[in-house]
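*Asks:* What follows is the residue order along each chain.
Number of protein chains: 2
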Amino acid sequence: MTDTLRNDLFLRALLREPTPRRPLWLMRQAGRYLPEYRATRARAGNFLNLCTNPELACEVTLQPIDRYGFDAAILFSDILTVPHAMKLGLEFEAGEGPRFERPVRTPRDIDALPVPDPHIDLKYVVDAVALIRRELRGRVPLIGFAGSPWTVGTYMVEGGGSKSFAHIKRMMYEAPAELHRLLDVVTRATVLYLNAQIAAGAQAVMLFDTWGGILTPAQYEEFSLRPMAQVVAALTREADGRRVPSIVFTKGGGAWLERIAAIGCDAVGVDWSTDLATARRAVGGRVALQGNLDPAALYAPPDRLRAETLRVLDSYGPGPGHVFNLGHGITPDVDPERVAVLVETVRNYVPG
Amino acid sequence: MTDTLRNDLFLRALLREPTPRRPLWLMRQAGRYLPEYRATRARAGNFLNLCTNPELACEVTLQPIDRYGFDAAILFSDILTVPHAMKLGLEFEAGEGPRFERPVRTPRDIDALPVPDPHIDLKYVVDAVALIRRELRGRVPLIGFAGSPWTVGTYMVEGGGSKSFAHIKRMMYEAPAELHRLLDVVTRATVLYLNAQIAAGAQAVMLFDTWGGILTPAQYEEFSLRPMAQVVAALTREADGRRVPSIVFTKGGGAWLERIAAIGCDAVGVDWSTDLATARRAVGGRVALQGNLDPAALYAPPDRLRAETLRVLDSYGPGPGHVFNLGHGITPDVDPERVAVLVETVRNYVPG
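Just so you know, the protein sequences line up as chains R and Y, in that order.
Everything in the first sequence is counted per my numbering, starting at 131 for the first residue and increasing by one.
Everything in the second sequence is counted per my numbering, starting at 131 for the first residue and increasing by one.
Here chain R stands alone, though its shape is the one from the complex (with noise of 0.2 Å):
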């Protein structure tokens, strides 16, 4: 790719680079919130044919930077685009979350499971990816993503979202050897998925582990952390001569940013539940730092809003390796007015 990135602050601030200034994106800024994203939608009829056509997920993935001016534009996809690839049914229900039709429950199930090829199974992410990457023109760097394999299993096993996780636990409980094979053919799949994605132009990935937080220590160690640590360890490094930043980032997972930090990766997620300045000292300068406004501070009147994102300037501290974003994705009743509020905020901080 021959494009000259005009904004590198937020690779520059992920390699613990100095920058003039923090910079900004936030998780799910290509969604709901945005009128043009729910005219895209209603035009694609559903959340899945958004994701699996490249020029529909090309335009909403830019929407957020015509508005905003965030710093990096990340790939609109959805964390279950790897098991989809691995047919297992995937359906988006109205206002009921994710489902498989065909959960993964037994050895034979998980014996049935293939490892997608991204260039045929998912070639509808890898085409979004090279689109996207040439209708920024250089003007941001692009995120590409996946889900962690825990989190992805997690939806596997469970067939769609889970308040007690019962079928997983019971798998980790009863037949741990099963599990590891199951969450060793979606690392496999991931490292493709990702590393497809980085050839076809994303300059920065990260991994989301929405549910490593559910785990005792000692799983999240074993299941969640290590095939992390794997993804990781697998990853292109460099693309078009240029460090490829990833980013780590457990849900609920301020108990053990150190150890997620030590994993390889050079920058870590945080969610609202730790202040920036105990995750900072808790990894040591040893990567960068993204979070971690509480998504529902968008709910306040303009002055605390700019107040409670100062307070997470401020918490980081001075010196580099802070990229602002939430603690979790944006949710949809926000006041995108609000969101131009945090924006200034941000863009116009001056450490004290």
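Treat the hints with caution; some may be incorrect.
[What the hints assert, rightly or not] Simulated restraints on C-beta separations:
no., chain 1, residue 1, chain 2, residue 2, range
1, Y, 388, R, 172, 46 to 52 Å
2, R, 172, Y, 219, 33 to 39 Å
3, Y, 407, R, 172, 52 to 58 Å
4, R, 481, Y, 250, 54 to 60 Å
5, R, 176, Y, 219, 35 to 41 Å
6, Y, 348, R, 136, 35 to 41 Å
7, Y, 147, R, 311, 45 to 51 Å
8, R, 224, Y, 291, 18 to 24 Å
9, R, 264, Y, 465, 55 to 61 Å
[Claimed, not checked] From chain R, some residues computed to sit far from chain Y (all C-beta separations above 10 Å):
no., residue
10, 172
11, 182
12, 254
13, 393
14, 394
In case anyone wonders, no lab produced these hints; they're calculated from the structure.
Virtual Cβ for every residue (Gly too), placed ideally from N, Cα, C.
Since chain R is already given, all that's left is putting chain Y on it; use the hints.
*Replies:* Chain Y only, in chain R's frame:
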């Protein structure tokens, strides 16, 4: 009360006095995993009838004591009895969890909230406590309990369970003074409620803070911990010439154990996401600890279950101050035989 308590291991462990073995009980020990519970509940017709009928509540409270010989009984009730007594229209829809017909959303809704008189509006609970205490005949101590003001307030504002907690978080950011008013009412109601339980015979009390873990550290301090500290400070400290210990349990509060230990409670509950060794270092011998086996470990084959149980016991280490429990309530799909394995393992434990 003139019954002699024949097994006071639980009370002594809560006060960090030496005990010949670790006492144990399980959160939701009187529950759906027991066939005898399901039989009584079927007679009651529904969950609310079971809670509001002292004879039936007494019957199910004693069932796990009879079957397993746990070292403490816990009042069979629900954390939503207090808002139920505030006339918000509580319903338990089958498979849906609790729902309030009239959620609390506006200043006017908050103005209208009464502080229930436990001897009138919650007489069924007070009567159940007295009856259970009588029927226990000094076998083991009886635990009374309430939800934390924050957790109860969350249900009142959301109108039931929630994934996003959008209503109460919006109130927190838009109208924090109103939320404090609401929490004040719940706090006062909770003090009266728990002290009425103590007067009726409860020998220890526990605050269940199910939703403290969804907050930022600063929000937890302000909206969850401070009201719990107010409750703890106002509790009756002695009954029958004996200290009535208090236990505070915030699910997802692993990062805040030190702060919880400082509010004046005798013991802190720990969920499965923190090792007891880590938890014990955090609280520095200031309080006893209660927990924290992963409830899903009860799915494990007996040998594995024994090993996991021993790991929790070992993790606490030598010396007094540990009450064995799960890290959250036992789930309905557990085989009662597995609970017997757990009980036997804890009872025969000899620290290494």
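*Asks:* So, for every hint listed, does it hold in this structure?
*Replies:* So, going through the hints one by one against the coordinates:
1. A hinted range of 46 to 52 Å holds for the C-beta pair residue 388(Y) and residue 172(R), which are about 50 Å apart.
2. In this structure, residue 172(R) and residue 219(Y) meet the distance hint of 33 to 39 Å, their C-beta atoms being roughly 37 Å apart.
3. For the pair residue 407(Y) and residue 172(R), the supplied restraint of 52 to 58 Å holds, since their beta-carbon distance comes to about 54 Å.
4. Take residue 481(R) and residue 250(Y): their Cβ atoms lie about 58 Å apart, and the range 54 to 60 Å holds.
5. The hinted window of 35 to 41 Å between residue 176(R) and residue 219(Y) holds, with their beta carbons roughly 36 Å apart.
6. Between residue 348(Y) and residue 136(R) the C-beta distance comes to about 37 Å, which sits within the given range of 35 to 41 Å.
7. Against the hinted window of 45 to 51 Å, the Cβ-Cβ separation of residue 147(Y) and residue 311(R) comes to about 48 Å, which satisfies the hint.
8. A hinted range of 18 to 24 Å for the beta carbons of residue 224(R) and residue 291(Y) is consistent with their spacing of about 20 Å.
9. Between residue 264(R) and residue 465(Y) the beta carbons are some 57 Å apart, a value that agrees with the proposed interval 55 to 61 Å.
10. The Cβ of residue 172(R) lies farther than 10 Å from every Cβ of chain Y, with a closest approach of about 23 Å, so its non-interface assignment holds.
11. Every beta carbon of chain Y lies more than 10 Å from that of residue 182(R), the smallest distance being close to 26 Å; the non-interface claim holds.
12. Non-interface call for residue 254(R) relative to chain Y: holds, since the shortest CB-CB distance, roughly 29 Å, exceeds 10 Å.
13. Against chain Y, the non-interface label of residue 393(R) holds: every CB pair exceeds 10 Å, the least being about 19 Å.
14. Every CB of chain Y is more than 10 Å from the CB of residue 394(R) (nearest about 24 Å), matching its label as outside the interface.
Going through the hint list in order, the structure satisfies each hint without exception.
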